[in-house]
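Trainee: The listed protein sequences derive, respectively, from chains A and B.
Here the first sequence stands for residues -18 to 272, numbered as in the working numbering.
Here the second sequence stands for residues 74 to 345, numbered as in the working numbering.
Treat the hints with caution; some may be incorrect.
Taking lysine-lysine and the DSS-like style, the derived pairs with C-alpha atoms no more than 27 angstroms apart in a straight line are [as the list claims (entries may be wrong)]:
1. K285/B to K165/B
2. K262/A to K165/B
3. K297/B to K262/A
4. K285/B to K321/B
5. K321/B to K297/B
6. K207/B to K165/B
7. K262/A to K301/B
8. K197/B to K165/B
9. K207/B to K197/B
10. K321/B to K262/A
11. K321/B to K301/B
12. K297/B to K285/B
Output of the computed footprint for chain B on chain A, the stretches with three or more beta carbons under 8 angstroms from beta carbons of chain B [stated by the list, open to error]:
13. 72 to 80
14. 167 to 175
If you are wondering where the hints come from, they were derived from the structure by calculation, not from laboratory data.
Just so you know, even glycine gets a beta-carbon here, dropped at the ideal spot from N, CA and C.
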Amino acid sequence: MVEAVLQSNPEYQKALADQEIEARAQRAIRKRRLAVRGWQIGIFVAIFGLWELGADTGWIDPFFYASPSAVIERLVDWAQNGTTEGSLWFNLWVTMEEALIGFVIGSITGVIVGIALGRNPMLSDILSVYIKAFNSIPRVVLAPIFIMILGLGLASKVALAFIMVFFVVFANAFQGVREADRDLIANAKILGASDWQVTRSVIVPSAMSWIFASLHISFGFAIIGAIVGEFVGARFGIGQLISIAKGTFDSAGMFAAIILVMVITLFAEWIMTLIENRLAKWRPQQSIDVQ
Amino acid sequence: MQADKGGVPAIELVDVTRRFVSPTGKNLTALRDFDMSVAQGEFAAVVGPTGCGKSTTLNLVTGLARPTSGEVRLMGAPVSGIDPRVGFVFQKDALFPWKNVIDNVMAGPLFRGKSTAEAERLAKDWLTRVGLSKFLHHYPHQLSGGMRKRVSLAQTFVNEPEILLMDEPFSALDVQTRTVMHEELLNLWSERQASVVFVTHDLEEAVALADKVYVLTAGPATVKSVYKIDLPRPRVVSEIRYDPAFVKYCRTIWDDLREEVETSYRRANEAA
Ligand SMILES: Nc1ncnc2c1ncn2[C@@H]1O[C@H](COP(=O)(O)OP(=O)(O)O)[C@@H](O)[C@H]1O
Ligand SMILES: [Mg+2]
């Protein structure tokens, strides 16, 4: 059996030096990474190439579907000459500001309320029915109400972004507290921790991976909140640009705005991953299995 | 070895009963009419079949749980809440996975209001004693089971507990590592002469380490019998198992324990 393996795999007949093994592993890792990148770029080129080709040859109607070149042209035009609603950067900033404020306040409140209720079973039993009821409201239907109460400006969009973020973060923080290891809590108590010390040094760190999972998706939710708010009523912002583009049948403008939102959200996601990796250095890393 | 300082027992359980009532109202008695007394500086081991109520007993001593009736006393005074004189070593190591080795050991002193510098000094001292001075900045997942257990011991001992409770602390270790840990534990203990309750399902471990072995009945647990182990100290755990006196103790106590294990086994099979 062993011999058969050796014969079919002559490379493994000789014992390899550590250096050799490591060099091979490095090469394998690099090769795999290159392959992944290659495919990613290939798929990107294929999709946009087909889109452009389709629009140029008339397979798809550029009036509805625009084309990559038209979208890029529009982005360049917006960046250089501004939009109908003032400079592109100003509009971008308006949306970012709404989303960021909503995200920050929403996630901080979500974490605090989640941990407080998670640590207090009586309070969470009492409030759970209200939380469930409120949570069952599709958040976007609140947009008209917020705009009616808070006006067309910043506050209504922040409120909507806040509501979108709060429930996701709250639910995760709450679950994270509930999942905290009972032995760890007991250990901390016996080592001398007060209730507050238990919360700070056991509950919060163990809930952290849950909280981060929710922060990843919830920045996207904050953007949704801001943009939906802008659709329903606003003077500036990316949502307003999309809304105007829709009114003038400007498909290139719509796609351009969508791409802007995508870029912003991906950028935020990337920052979040950086922060998380820094905080979670204690977690076991997956070791790589090299064939 | 029973240095009976002052005469007051370090740990006393008097006529203790502990019931668990499930949310549906079903009653489970884990301990019944339980009496136990551990003198100051004494090393007591508790053996009994799995699920009989050993962990429950320890939880009552820590103050994490209250007896349904009866009284638990530490140094003569009834337990009310978690007592700072108690140290506890868990079965599966309860190290904080997000803290590195030194921070894990510093946790206790810091919780108790020591300065960072003082906590660090104490932690380093204890980590040196358990042979981990080169691993201060490793995280628990980077250590072997035996090393994690050493960190747990340092984490507990750094608080200098007068009362040391251990719940099957070495059951997850391989046999060689376990013997090494036994030696280390006895060394640490002989320096400080804490009063120990060591729970295990391994009878040889109990006899090798303890001054006194409690045999519990299959649940609800009550003390079936108590054996005094008159083997000379200091003991060399790796060699004691060849001592005829040791073998005799094991055989006698096993005859006693076996009935309970069989009862517990039979019940588990009936339930299944
Ligand atoms: N918190 C609890 N709630 C309900 N039942 C429990 C609880 N803790 C322990 N028990 C029950 O009490 C009995 C004794 O458990 P335990 O003390 O953990 O046994 P041992 O440590 O001897 O294996 C078991 O039947 C167990 O199911
Ligand atoms: Mg147990």
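Trainee: Hint by hint, say whether it matches the structure.
Mentor: Results of checking the hints against the structure:
{"no.": "1", "hint": "K285/B to K165/B", "in the structure": "holds, 25 angstroms"}
{"no.": "2", "hint": "K262/A to K165/B", "in the structure": "holds, 23 angstroms"}
{"no.": "3", "hint": "K297/B to K262/A", "in the structure": "violated, 50 angstroms"}
{"no.": "4", "hint": "K285/B to K321/B", "in the structure": "holds, 15 angstroms"}
{"no.": "5", "hint": "K321/B to K297/B", "in the structure": "holds, 19 angstroms"}
{"no.": "6", "hint": "K207/B to K165/B", "in the structure": "holds, 23 angstroms"}
{"no.": "7", "hint": "K262/A to K301/B", "in the structure": "violated, 49 angstroms"}
{"no.": "8", "hint": "K197/B to K165/B", "in the structure": "holds, 23 angstroms"}
{"no.": "9", "hint": "K207/B to K197/B", "in the structure": "holds, 10 angstroms"}
{"no.": "10", "hint": "K321/B to K262/A", "in the structure": "violated, 52 angstroms"}
{"no.": "11", "hint": "K321/B to K301/B", "in the structure": "holds, 13 angstroms"}
{"no.": "12", "hint": "K297/B to K285/B", "in the structure": "holds, 13 angstroms"}
{"no.": "13", "hint": "72 to 80", "in the structure": "violated (count 0)"}
{"no.": "14", "hint": "167 to 175", "in the structure": "holds (count 9)"}
Violated hints, in rising order: 3, 7, 10, 13; the structure is consistent with all others.
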